[in-house]
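The residues making up each chain are set out below.
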Amino acid sequence: MDTKEINLEEFKNTLFDIQKLSYMIQDNKLPFTYNKECYRVRMPSQGEKAEAEDYRSEKQIEFIQRPNCKTKNELRKILKENNVVDIDKLEAQANQIKKQFKNVYLKLAPKFDEDKEGISTEIEKINELQNQLQDVTQEINKHLAPSLEDRLEGVYLEYLVYSCTEKLVEKEWIKVWNTFEEYKKDNSLLATRAVVCMTHLLFNVRQF
Amino acid sequence: MIEDKLRQLARSSYYQSLYKASKENGIKLFENDTNLSGLQVVFLYWLSLYDFLYDTLARKEYDFLTEKYIDSNVRVDAFLYYRKRQNELELAKSKEEQLRQRTKFKGKKGKQTYFDVEFA
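Quick mapping for you: the protein sequence lines, in order, are chains E and B. Be aware that the first sequence starts at 0, since it is given in this note's numbering, and climbs by one per residue. Be aware that the second sequence starts at -12, since it is given in this note's numbering, and climbs by one per residue.
Bound-form chain B, shown alone (with noise of 0.2 Å):
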C-alpha cells in the first residue's frame, strides 16, 4: 500500500520536475543530505524509475508506452520484465552473432586457425 502511494508520488509531474531540477542544478530534493531513510532511498529508486519512463516515452521507444500506462503499477511492473527479458535475449543474440563472426582460416600446413573478428 505504502509503495503504490510512493511511486504515486514519484511519478508525480511536481516530484518529477523537481527531480529533474535536482540532476541538473543540484537543487536539494530532502533536507537533509545523509543518513536518508529507506522511505527516502526507495523514493530516489521510483522518482528515477520514472524519469526513465518519462523520457523512453518522449523517446516514443516503446509505441504502447503512454502516460495511462504509466500510471498503471502494474502494467509498468510488466514493463520492467518485458524490457529486461528483451535486453537479455538481444544480448544473447549479439553473442551468437559475434560466435558466428568468428571467421576460419586454413594455414600452409592444413592446420586451422580460428581468429576473432569484430565487425563495426
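So here's chain E without its partners, still in its complex pose (with noise of 0.2 Å):
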C-alpha cells in the first residue's frame, strides 16, 4: 500500500464515524476537508446530470471507435478464449456462495440469544462465506474493469464530481473547477477524495 493508499483509508475511516454520519444524512452534501480548507460534493441537479449523461454519451461514441474497446459480453469472451479466466464460472461461484449463506441465515435466524456458540458458530461460517463472496466479486470486476460499461461509468461520475465539488471561501461555496480539462489535469488528492465522498453521497443506490 502506497501513502496515497494509506491516506486514502484513511480519509475514509474519519469520513463516516457516527457522528459525522449523523450530521451528513441531514442534507444532500457532503463535507471533507483537505489541507485544512472546507470543501463539499453536493447532488447534482437534473441539468448537471443530464450534462453529465450527454458527456458520457459523447465519450461512447468516442470510445466505440478505438480498436480495442470491449463491452463486458466481448471482454467475457475474450478472458475465456484465452484461457485468462472463465467470468461464467466465477460467476457461477458466487451463485453457489450465495446460496450457502443462506442455508446458513436459516440455521442462525431462530436461534436464542441464550446459544451463544451455536450463533457464534454460524456467524463465523458466515464471515468466512463474505469473505469469499468479496474475493470473488473482486476477481470479477478486476477482470471486467477495462469494459466499456465501466469506462462509461467512471467518466459518469468524473464529470459529477468536476460539476458538484465545491470550495468554502469567505461564508460562499464556490466551485473548485473552472473546467472539466482544469478538472482532469489536476492530480493532487484532492481530486481522489472528492470522487470517494461523490461515490458514497450517490451510494449506487443500483446495488441496493
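Hints in this document: simulated from the structure, not taken from any laboratory. Incorrect hints may have been included.
[Said to hold, decoys possible] What follows is a list of derived Cβ distance ranges for each label pair:
(1) Arg46(B) x Gln131(E): 48 to 58 Å
(2) Lys88(E) x Arg87(B): 41 to 51 Å
(3) Asp64(B) x Leu167(E): 32 to 42 Å
[Said to hold, decoys possible] Result set (DSSO-like, lysine-lysine): computed pairs, CA atoms no more than 27 Å apart in a straight line:
(4) Lys71(E) x Lys183(E)
(5) Lys97(E) x Lys55(B)
(6) Lys71(B) x Lys115(E)
No residue lacks a Cβ here, since even glycine has one placed at the ideal position from N, Cα and C.
Combine both chains into one complex, guided by the hints.
And the structure:
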C-alpha cells in the first residue's frame, strides 16, 4: 500500500464516524477537509445530471470507435477464449456461495440469545462466506474493469465530481474547478477525495 | 463499513422516534425534501426496516426476536431471509390448499365439471 492509499484509507475511516454520519445525512451534501480547508460535494441538479449524461454519450461514441474498445460481453468472451479467466464460472461460484449463505441464515435466524456458541459458529461461517464472495466479486470486477460499461460509469462519475465539488471561500461555496479540463489536470489528492465522497453520496442505490 | 454505521444510526432510539414523528406528524427528517442523496435513500430504507423490526418485537411475533437480536446486523440479515422464506412457504402452502379445495362435480351425463371454491 503506498502513502496515497494509506491516506485514502484513513480518510474513508474518519469520514464516516457515527457523529459525522449523523450530520451528513441531514442534507444531500457531503463536507470534507483538505489541507485544512473546507470542501463539499453535493447532489447534482437535473441539469448537471443531464450534462454528465451528454458527456458520457459523447465519450461512448469516442470509445466505440477505438479498435480495442470491448463491451463486458465481448471482454468475457476474449478472457475465456484466451484462457485468462472464465467469468461465467466465477459467477456460478458466486451464486453457489450465495446459496450457502442462505442455508446458514436459515440456521442462524431462529437461534435464541442464550445459544451463544451456536450463534457465533454460524456467524463465523457467514464471515468466511463473505470473504469468499468478496474475493470472487473482486476477481470478476478486476477483469471486467476495462469494459466499455465500466469506463463510461467512471466518466459519468468524474463529470459529476467536477460539477459538484465546492470550496468554502469567505462564507460562500464556489466551484473548485472552472472547467472539466482543469479537473482532469488536477493530480492532487483533493480530486481523489472528492471522487470518494461523491461515490458515497450517491451510494450506488442500484446495488441496494 | 459505512452501511453498518448507517444501520446503527437508523436503529437508534433518536432516529426511530424521529421517523415515527415524521410518519405521524409530518416532521421533517432531512433539510432537503427533494433530490435525496443515495446515502439518504439507503438511510430511509434502514429506518423503515428497523421500525418494522421493533413493531414485530412489540407484537411478540417471533419468540427469539429480542433487542439484542436487532442490534446484530448479521442476525437481522438472517432474520429477513428466514422471514422471506417463511412467507414463500406459506404462500405455496395456501396455493396448494386452494387447489385441494377445488371441488369436483359430476354432471348428469357423466361429464366432470370443476369449480374453484373459496372458503372463508
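To see whether the hints hold, each was checked on the structure:
Distance hint for Arg46(B) and Gln131(E): a CB-CB separation of about 37 Å, inconsistent with the stated range 48 to 58 Å. Checked against the hint of 41 to 51 Å, the pair Lys88(E) and Arg87(B) passes, with Cβ atoms roughly 43 Å apart. The given range of 32 to 42 Å is respected by Asp64(B) and Leu167(E), whose C-beta atoms sit roughly 39 Å from each other. Proposed proximity of Lys71(E) and Lys183(E) is supported: the alpha carbons are some 26 Å apart, at most 27 Å.
Of the pairs offered as hints, the one joining Lys97(E) and Lys55(B) holds, with about 26 Å between alpha carbons and a cut-off of 27 Å not exceeded. Between Lys71(B) and Lys115(E) the alpha-carbon distance is near 24 Å, which keeps this suggested pair within the 27 Å criterion.
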